[in-house]
Amino acid sequence: MTVSTAPVPVAANASGTTQTTTRRNRLWALVIYILTALYFLLPLAATFYWSLRAERGTLGFEAYRRLFEDANFLPSFSQSIVNAIIAIVISLVIIVPTAYWVTLRLPKLRPVVEFITLLPFVIPAVVLSLALIILYSRPPLLLTRTYESSRVLLVCVYAALSFPYMFRAVDNGLRAMDVRALTEAAQSLGAGWPTILFRVIFPNLRVALISGALLTFAIVIGELTIALFMAQRTLGPYMANLTRSKVYEPSAMAIVAFAITWAAMGIIQLIGRGQQGSIGGGH
Amino acid sequence: MQPRKYLFHVFSLFVLVSMVLAACAPAATEAPATQAGEDFGEMTDLVAAARAEGTLTTIALPHDWCNYGAVIQGFKDKYGLEVNELDPGAGSGEELEAIRANKDNPGPQAPDVIDVGLAFGPTAKEEGLIQPYKVATWDEIPADAKDPDGYWYGDYYGVLSLEVNTDEVANIPAEYADLLKPEYNGQVALSGDPLTSNAAILSVWAAGLATGATGEEAAQAGLEFFRQLNESGNFVPIDGDSRTVGIGETPILIDWSYNSILNDVSLAGNPDLETVVPTQGRLAGVYVQAISAYAPHPNAAKLWMEYLYSDEGQLGWASGFCHPIRFEAMSAAGKIPEDVLAQLPSTEGAFFPSIAEIEAARTVITEGWPSVVGVEVQAPQ
Amino acid sequence: MKATLQSDVQPTNLTVRGAKRPSRLPIWHWLGVLPFFIFSALFLIGPTLVLAYRSLEDPDGGLSFVNYLQLTNPTVINAYSLSIRVSLTTAILGGLIGFLVAWAVSIGGLPRPFRSLTTTFSGVASNFAGVPLAAAFIFTLGRVGVVTALFELLGVDLYGTGFSLYSYTGLVLVYLYFQIPLMVLVILPALDGLKREWREAAENLGATPVQYWLHVALPVLIPSILGTMILLFGNAFGAHATAYALTGGLFNLATLLIGQQISGDVLHNPGLGFAVAMGMVIIMGVSITIYSILQRRSERWLR
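Here the protein sequences come in this chain order: G, R and V. Each residue of the first sequence is one higher than the one before, counting from 1 in this note's numbering. Each residue of the second sequence is one higher than the one before, counting from 1 in this note's numbering. Each residue of the third sequence is one higher than the one before, counting from 1 in this note's numbering.
What you were told as hints is all true, and nothing was included just to trick you.
Quick look at which bits of chain R chain V covers, simulated, 3 or more residues with Cβ under 8 Å: (1) 88 to 94; (2) 114 to 125; (3) 184 to 194; (4) 236 to 248; (5) 359 to 370.
For the record, the hints were derived by calculation from the structure and aren't laboratory data. Everything numeric in this text was worked out from a predicted model, so none of it was measured. Even for Gly, the Cβ is constructed at its ideal location relative to N, Cα and C.
Work out the full structure, taking the sequences as your base and the hints as a guide.
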């Protein structure tokens, strides 16, 4: 069974008035888009320009060459990717039911849940790392003793760090569809809770879930402080070490990291869209 | 609401609080009181014990700082130990926090050894965070740069200098006073926030010492100097580093001589840098080494210290443009090669402040900086 | 083919109806939120309690409120105040611009690829912070920046006009780089929920676009917008590395204050640092309370 309230985009097949508004809207949309694109692309372009200046008097890719000279880039990169994927899954599995329950059954809990999800912003990363070491370096939950168990701890913390973004995205997604009607309809068709959650709610949250996943991915891929405290060889520390007290290499690294992350996001988006194909959503 | 629910809440809160309290309570185990390497009269015993531990965990050692990259590699090659490097960018405060947090943790997060600002040695000793050890070359470390009981010991030093991007700056400033000239508008930076960075706070003091004042008066004069520098628009209030100097955003940076020379060498003329060591207010800064009281690999830590204070380790630092702490003794014995010596800046007439003097200046500067120099930013409304 | 099930109940009514239900829920109803509370207790609340405990330690290791007494010190008050102002300003500006961009790529009718590009780009940009971000802006709007040079070509001395990247304005400009994309990503699902039928109905009844937005679209979106604003506020409130790289000691933000006391080379009073951090937790709690009240008011008002 597939139930969907996939959003319907404003299409040009509407009535005459809608067509004029659509055209005017599109013009405004373009203006807004170009202005913000300028704001976002100029700093990147300037960074790119400086990354090309590693050789005096000429522009070239010397900084990039130096960056990957004796690079041991892949292990740390793949480690971060795996961490990110696991963190995304944990975050999704925890936040979606929570947001759903809070919307449908326990609205009084909402402020409490929101407060907890926003804690990652106000606990400084250094403090969080130190507290985690204190808490998990002794029984009953001994996680700091080995590299691998520390990694488990790190991934769990990353999932927790994604809560503010994931909760807000999912909550906005839930508000945008009629959770109660969908749930009741599914129930009347004899669906149990797992079916409702995984066959009805998850597919309808596609846009929100992709937003949450992208944000989680971005946090994990570049995180530095906690990874350093947990002695993990992930991408963040690797990049920081490679570019410490250099002039042109950090710019090259910033561009490379931006490009890689962007590509990875494209893949996440594609996977999300592939899933959408099977449920026949609006766009 | 059901009472059962409250019970559930109260119970879970209780469990959590007790977990936290248990975690925070002072550890029952005392710091191991190993004494000054007497247990290992023989170096070979120490090497064997360190090898049995297999790993050394370090913290806050950037590879290009004082040539630490090569020093660590040399240690690995010589003794075959693994070196697990924690946050190379950590500040001294963070290093002590890492020791505190890892009291009961023998895992990879716990640092064995630290390299901290001079003032942090006594603090750490007082709190019982470090353990004593005296290296074989102990006697060649100047007495005022080490703890008599061997808890901490100076490792290397440099002098504060002006790192100047000569592509951007036509007239190279020679003294701190020159920095106030209008021609350096928007060009001068510190290597960090004076409330966070050791080099930055000592730079403020050095600028004050350059006026001829001493002690706390010099600290006050330093604040006044930076107030003028800021008001004239010459001061660029950012966390300056080789990059901001290199691109010309802050073509004049006050930083340690070893960082400045290193940047010049690694940039290789793109752009050209020059390291100016002012004659007035020539201030030297010493960092100190210590072994964590809770070091999971105490023997590897001791072996590391032996290596750092051996001729080989000391020359390693010297090739990174840092004056090793045994500099006087070693140069008197002719142990420092000419080419290494030639690269080191002159420290002639440099002032080596005592910890008490640094503390006094620090108090004046940290208390005065926000009000005398810092800008109280107003929102535009 | 999909089966579309929709009802005309406004989403905002849901929570209100839910709230009126008797709170007598069977215990298994808690199962849905239990994983969240367990996980949060382990990785967020636990660390917060450690933080609370350590904030009660005085410099000599005893337990006292001495660190909290220092929070009334003008330096700390100013730091909180500046942090709150920067966060509010960037949340409102970032929220507004982000909303417009999200509108442009969804309802605004820009071609489909724009939207994919924008969402993926936003994912990266929302976490492009710290030293690389500060550097990117120095390259752009610093004294040697590209844009500064462009203005010079046009005969305008940007820094002569009183502009500086190392000022409040500069900081806001830089923070927007991660605030706007965050708004875009998080508000998009909400914008997608606006049904075309509502707008057509409004237009058929003779409503202007302004009336449509004021009376139909915004009321539906308000809860999401408010919620996202508090997210943006928190996002800026906790930012540290970006501010440090750009303001080297002249700005006094709460996160910088914590860094000075806990991780720095100079000041070392971790207890005070932890207390300042606890203060931030409390400010966040107060903000969420205010926001919850606003949320409830807006829902009542919209009904």
